[in-house]
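> Just so you know, the protein sequences line up as chains A and B, in that order.
With the first letter of the first sequence counted as 1, position 50 gets the number 193 in the numbering used here; the numbers rise by one all the way through.
With the first letter of the second sequence counted as 1, position 167 gets the number 261 in the numbering used here; the numbers rise by one all the way through.
There's no promise every hint is true.
[Unchecked claim] Covered by chain A, according to a simulated footprint, are these stretches of chain B (three or more residues, beta-carbon under 8 Å):
{"#": "1", "stretch": "149-163"}
{"#": "2", "stretch": "228-237"}
{"#": "3", "stretch": "256-265"}
[Claimed, not checked] Pulled a few chain A residues facing chain B out of the computed Cβ check, cut under 7 Å:
{"#": "4", "residue": "R208"}
{"#": "5", "residue": "H209"}
{"#": "6", "residue": "F226"}
{"#": "7", "residue": "H309"}
{"#": "8", "residue": "Q311"}
{"#": "9", "residue": "Q323"}
{"#": "10", "residue": "D326"}
{"#": "11", "residue": "P328"}
[Said to hold, decoys possible] The following residues of chain B were derived to be distant from chain A, with all beta-carbon distances above 12 Å:
{"#": "12", "residue": "V146"}
{"#": "13", "residue": "G168"}
{"#": "14", "residue": "K193"}
{"#": "15", "residue": "G214"}
{"#": "16", "residue": "V244"}
Calculated directly from the structure, the hints in this document are not laboratory data.
Note that the structure is a prediction, hence the values are computed from the model and not measured.
Note that CB positions come from ideal geometry on N, CA and C, so glycine has one too.
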Amino acid sequence: MTPMLNSLFVALFAVLLATPLAVGTGWLLARRQFPGKSLLHLLMLSPLVLPPVVTGYLLLSGLGRHSWAGEWARDWFGLELSFSMTAAIIAAMVMGLPLYVASVRLAVENVPRELEEVAEVSGASNWQVFWRITLPTAWPGIVAGCLLAFARGMGEFGATVILAGHLQEGETTLALAVYQALDDPEGDETVWFLSALSIAACFVFLFAYERITRKIRHYPHR
Amino acid sequence: MTKVSYILLLTLLLTAFGCKSESIQPQETIQVCAASSLRHQLKEKLYPVSSVTPEQVMTRYDASSRIARQVEQGAPCHVFVSASTAWVDRLEKRGQVQKRWAPPDWRNSLAVLRSTKFDGSLQSLEDLNEVSRLAIGGPNVPLGSYSREVLKRFPVEHTHVIVGRNAEQVLRLVEKGEADAAIVYASDIPFARDVKLAFHIPETLHSPVQYELALLRNAPSDASRLFENLQNHGIGLLSTEFLKKRRGEWTP
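Isolated chain A, as found in the complex:
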């Protein structure tokens, strides 16, 4: 069960970290014009298209132990950004981000501009418009993006195995645990058990996803 709990923990933290970034970037892409906008969009979407192993390798080059970021995080916060649970969280976050940002962007674009303009005319600041109008109206899309990013984080493997390695016993995620059990000549039972656990988790998640999106569709403000 530990790999399952680890996967949940990693995906949950990844989504928590990704939320401010995805909401901010999604809003920026939907509502603002600025130089380099297309580049930012491409950058955000790239983990979706790049082979996960490549994304993992790029992350390892940027966050490895002897990189500037890796040294900074270790010196200031005592955090290891590679080959640790933190690394697994970062990998899951990066891989889930494109889905999250794309959902937020679409959701914000679907907020009627007139609503925001009415608030602006009534004297609301940009910040107030965002908090009081845009966010409450776009939240179903944001929740959908959040769920997708969570799902991506739960199943993440390619980038994780490069940035976080195989993690120590007791820290492995579900996907890594299955991969490790395949290395064991006597590991068939473990593989089947973990696969069954993944399938069960998948059904629970899809059921929850369906329930949440149904509720969102019937939300009175939509």
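Put chain B on the given structure of chain A with help from the hints.
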């Protein structure tokens, strides 16, 4: 064109392609699948004694576990060189093995390598407690199991252990400085870059690292001949003679 003409045309094309592939491969290539820790030695040692040319053999390196699982599922492989006898046992139980042979001189040992970026003292297994990150193999790959046997006797309490999938990845981790030290196969030492040999681990501290060859079911006659040649001549693959040639500078 009618449907029938299309079907006829498709059949003709398929037949033509079928004929072509037959004519290109008059002789079946011998597929050798070997543990990734043998990447550097196998080619050098395989051809002189086995009377085959490099063109006749296709060699693929991977973790022994992955090769064995692929063979089980019908992947093309005629000679399997495993870093652990357990995987050959497993294939034998499933009726996939024709002949097996564990050459007595195909033994490996373990050593500790240190990153050039690590400047602490590292001369014995007790010193492993002084490094902040130690790389070892995954729990179920042969290198990982042997390393864990050593660490059971010399526990590292203050060291963060990071896990590489196979022998090659463990080596990369210490080469890149992601780990201060790593437990690797001694046979990999001559091929490591940007690292220093800290010390060799006595073989008494872990089970013997024994490689094993298996001639698999459905292997063509050429593959059987190659297997028999190897058995008759012996190839001293991991013998001290081979390592000594390159070790020189690697004495700690």
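> Confirm or reject each hint.
Now for the hints, and whether the structure bears them out:
no.	hint	in the structure
1	149-163	holds (count 5)
2	228-237	holds (count 4)
3	256-265	holds (count 5)
4	R208	holds, 5 Å
5	H209	holds, 5 Å
6	F226	holds, 4 Å
7	H309	holds, 4 Å
8	Q311	holds, 6 Å
9	Q323	holds, 6 Å
10	D326	holds, 4 Å
11	P328	holds, 4 Å
12	V146	holds, 30 Å
13	G168	holds, 17 Å
14	K193	holds, 20 Å
15	G214	holds, 15 Å
16	V244	holds, 16 Å
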